[in-house]
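Residue numbers (this note's numbering), protein chains in the order written: chain A, 1 to 540; chain B, 1 to 540.
The hints are all genuine.
One copy or two, either will do: identical chains are not told apart, so a pair holds if it fits within one copy or between any two.
When the alpha-carbon atoms are kept at most 25 angstroms apart in a straight line, the in silico PhoX-like pairs for lysine-lysine are as follows:
#, residue 1, residue 2
1, LYS297, LYS258
2, LYS2, LYS406
3, LYS57, LYS2
4, LYS258, LYS525
5, LYS297, LYS215
6, LYS533, LYS473
It is worth saying that the hints were derived from the structure and are not from the lab.
Residues per chain are reported as follows:
There are 2 protein chains.
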Amino acid sequence: MKGMMMHRPLKIADLITFAAETYPTGEIVSVRTEGDIHRTTYRETSRRIAQLAHGLKELGIRPGDRVATLAWNGYRHFELYYAISGIGAICHTINPRLSAEQMIYIVNHADDRVLFVDVTFLPIVEKLRPHLPKDLRVVVMTDQTHMPETSLDGVQCYEDILDGKPEEIEWPDFPEEQAAGLCYTSGTTGNPKGTLFSQRSTVLHAYSLCVTIPKTLCEGTRILPFVPLFHVNAWGLPYAAPLSGASLIFPGGALDGKSLFGLMDREKVFSAWGVPTVWFALMKEITENGRLPDGLKDIVVGGSAAPQSLIEAFEEKGINVCHAWGMTEMSPLGTQCNLPEHLEDLSFEERIARKRSQGRRVFGVDMKIVDEKGARLPHDGKTPGHLYVRGNTVTSGYFEDPEASKSVFDDEGWFFTGDIAAIDQDGFLIITDRSKDLIKSGGEWISSLDLENIVMSHPDVANCAVIAVSDPKWDERPLLIVQAGADEKPASQDLLDLLAEKFAKWQLPDNVVFVDALPLTATGKVSKLTLRKQLAEDAE
Amino acid sequence: MKGMMMHRPLKIADLITFAAETYPTGEIVSVRTEGDIHRTTYRETSRRIAQLAHGLKELGIRPGDRVATLAWNGYRHFELYYAISGIGAICHTINPRLSAEQMIYIVNHADDRVLFVDVTFLPIVEKLRPHLPKDLRVVVMTDQTHMPETSLDGVQCYEDILDGKPEEIEWPDFPEEQAAGLCYTSGTTGNPKGTLFSQRSTVLHAYSLCVTIPKTLCEGTRILPFVPLFHVNAWGLPYAAPLSGASLIFPGGALDGKSLFGLMDREKVFSAWGVPTVWFALMKEITENGRLPDGLKDIVVGGSAAPQSLIEAFEEKGINVCHAWGMTEMSPLGTQCNLPEHLEDLSFEERIARKRSQGRRVFGVDMKIVDEKGARLPHDGKTPGHLYVRGNTVTSGYFEDPEASKSVFDDEGWFFTGDIAAIDQDGFLIITDRSKDLIKSGGEWISSLDLENIVMSHPDVANCAVIAVSDPKWDERPLLIVQAGADEKPASQDLLDLLAEKFAKWQLPDNVVFVDALPLTATGKVSKLTLRKQLAEDAE
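Given these sequences and hints, build the entire structure.
Right, here's the structure in full:
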C-alpha cells in the first residue's frame, strides 16, 4: 500500500530558494580575481542565479547539456552550480591542475557546450582550444572592465550574460533522478572517470552533511572551504551551507598559508575545510603568528588521511578536528570523526588515536567489509577487509564508460572503494590502506599508510610516501621516499629509529630515498603511480 | 538525462540500524506502567525491534496491514513504530482521549489487524470490544508478571511476542512510497480523517527536523517529548532522535507538572517538547520549586499557538523557546521560530514579539498565501491571506476518504491549511487565525487569536477563547469566554481594559462569559466547535 503524501522531486534549486527566503542575510564573501573582496547575501545571490539561468537558456543550454567550469572558489562559481542544475543541465567542474592531455580528454568526453573560466585559467583554455569541441563556447567569469586580452574568438563576458535578465525564475520540475553534476577523478590507471551526480543524490547528501556535523553546519556559522569547488563540489558544502544557514567565505586563488590565515582572521571564520597539505601550511602560519585566526574553532580535514601530527597540532590548540573520509564516487562524504559524547572523557592521547580513524558513517551510506571471497567480516575493530559502500549518494557507474564501471561493483551491487579497512564496535572505520598501496611482504601485509603517518610526525619531514618494490625473496618490500622540510634534512637512521618504536623489524623500510619534491596528483595527494613509474625508469 | 547514482529506498528501519551502529550508547529512558524507570540503548533497542518484527510476522502481519497502538510514550511504543513500519506494515497510533464513538469509527475505518495497548487503556478496549472488528487481536504492552485481569478473550502479552526471537533481521526493501504510519485528526466537522504517512515522507521529515533545529537535535542531547507518540508521531521526534544521536526520555503516563519536573530534573533533560497547556503546568511547578529542572535549556512549544505570557516566562529564565507550527497533515512540522543570528540583538520585548510568530519554514515545505480568488499575496508581513502548503511531508489526500479529500486542495495541488496568515520579508509566518475562527464584523476581520493572546497574559486567567456570535447589525461580533485561575476571578472590565490598550474599540468583545472549564479537544486545544454548540443550545 502506498502512502498518501505528496511527491515533490528533490531539487537543488530549492536549496537556494530556501536560503534566500529563510536566511536572506546569510553571507557569501569572495576573494575575486579582480583583486578585491566581494560580499553578497543568499537573497541577492538567488536573484543573480535567476538572471544567470535566463542567460544560460538564451545561450541555448537545455536539460541534460553539460556546462563546464574552470574556476576558483567564488560567488560566480557558486552561482553557476545553481543556475546550471536549476534548469536541468549538468554542472561539470574541471580541475585546473589536470594535465593538458587529461583536460582535453574530459572536455571532449563530457561533450561540454559552454566553458566558464576564471581569468586566471584563460591561458590554459587558449592553449587547449584547438583540441576542444569546435562549438564549445567560452565565457570569462568577470565583468567588462576586467575582460582580459585573448587570442580566442567569440569569448563572452559573465556579467553580460546576467545583465538585464529577470531576477525571478520559475524553476522547472523534472524527476529527481535528473543528472545535475559531473566530476572526473584523475584515477591511477587509464582515462579519468566521471561520476554523474543527480538532483536527488545532491540534496540527500546536503541533508546528510548537515545532520552529521550539526555544530558546524548551523545558522550563523562562517565556513571557509579551501577544498576547491572543482574537487567533488567542495565536499558538498555549497549545497549544505544554504540548507543550514551557514555563511560561506570563498578564498579564490589565494591558497597560500599567509593569505588564508589573513582571510580567516578578518572574516572570523568558525570552520575551514581542506586537505592536509594546506592545513600543514596554515599550521606553519599559525606558529609564526603565535596565535590562531580569530574565531576559528573547528576544522574539517579530508581528501587524504589526516596525519596524527596534524590532528595533534590543532587539537592541542583547542581546535576540534573533524577527520572525514569519502570519495568522488560517494558525493563524497562517507564517514566523519567527530567524537561521540561517551568518548569525551578520553585522555588527549586516546582522543588523538581515535581521531586518526576515519570515524563513523553518515546516515544513508551503508558499509561492509569482506574477505577475498566476498564473505562479510566482523566489526571488531581488528579484522581488516575490502571496504564496499552502498547508498543514494554512491555512484551506480561511470559516465559513458561501461568498461570502467564493470569492475567496481560486486554481485550485490555494492561499490568497491579500493580501501582496506576494519570497523570497530562503536562504528568507527579504520582504513589501513588502499588495496593497491598495501605491501605484501612474505605473505604478510604492511600498511604504507601507518608507516607514512609516523614519518610525517618528524619535524623535518615535509611529505613522504611508502611504496612497494619488488623483492626476489619477500615478493615486496617497503621503500620510504621523503621530501625534507625547509630547514634541515633528517637522517635516514633517525626516521627508521622512529618507525622501530612502533613497527616490527620486518615491517621497516629497507631503504630511505630523499627527493626535492614528491609528485602530486591534481587533488594534491602524493601520486604513488608516478613514483612507481619514476622508480621503474631509474631502474632501467 | 538521468544521474548515475544508486537508488536506495528511503526507509524508516534504516534510522534505527544507523543509531544502533553509530550511537550505540544513545539512551531511551522510560517511565513504565509497571511503575519503575526503564533504561535501554539504541543498540539494545534495535535488537528488540528485530525480535518484535519477527513476532509481528508470526502474528500474520503483512506489508500494508494496519497495526494499532493505544499507549503512552515509552520504549515499547517506540519499538512498535520501527518494527511495524520495518516490515512494511502501517503503524496506526490511536489517541486514547478520543470519544468512544470516534475510536470505534477509526479502528473499523482503518481495519486494524492487531491492537497494542498499555495496561492503563485496557478498560477502554474492554468497553469498546463488541464494536471493534471481530478478528482484531489485542496485545497488552507489558510482561507476564504484570499482565492484568481482563474480560477479553485471547489477549496476548507483549514480552511473549519477543521472547526467543532472533535479535537480527534483514529488513525487506520496498518502494519508499510505501505507507508507514496512520494518524487520524479528530477535526471540527464530520468523522475523523486519516493522514497516511509514507516511508519517504517520514525519513525526509526526520532529516528536515534535524537540519532545522540542529542545536537541539544533535548527538548527546537529552530530549523529553511529553507531546504524545499518538499525537502526529510526537512531532517526528522518534525518527529524528536516532538520526541525530539525541537520547529520548519518555514520561509514560506521568504528565502532571510535578512528575514531569522531577523526571526532567533527574534525567538532566536538555530539551522538552509539548503543548502550551502542559507548559503552563510545568511553569507553575518551576515557580513553586524556585528553580528550573537541572539541565533544561530549550523547549519546543507546538500543537496550538504559544501564548506570549508563556514565551516570556521561559525566556526570562534563560530558556530558549522554539515556537513551532504544523499540522497532522504535514507530518507535522511546517515552521519553527528559533531566531536567526541577525535578530539576536533585539530587545527582550522585540524578541518575544518575534517569537510569538510561527517562524520560518523548514526546507521541503513550500508556503503560499492567497486571496479569496487564489491570487498570490506579497510577503510583506502585513497582508494576510489563506495559507496553502506543498511538499514531500504534506498529505495528498485522506485515507479512504475521497469526500474529505476533495475540498482541501487547490487547482495547483496545494494543501489548504485553514489558517489565515501573513509572511514577512525575513520569511516569518504570522498566523492571524483559523479561517473558521475569524470574526467578520462589519466586513472587517477580527483575529480571535490576537485577542486570546492578550487575555492569556492576565495573571488570573487560566484559559480563554474568543468566538464569533451572530449580530443583526455587524454580521458577527466577538465573545470572550474565560476560565479563571485557581486564586481569583478577574473583573470583566479589567480584561476589556487590557484589550483596549492594543485593539480598536470595534474589535473588543461585547461580552465576557466565565466558565468553570473550557472544553478541550482530544489533543488539548480549546474546542471552539463545542463552545459554539453549547452557546447555540443555551440560546434555544
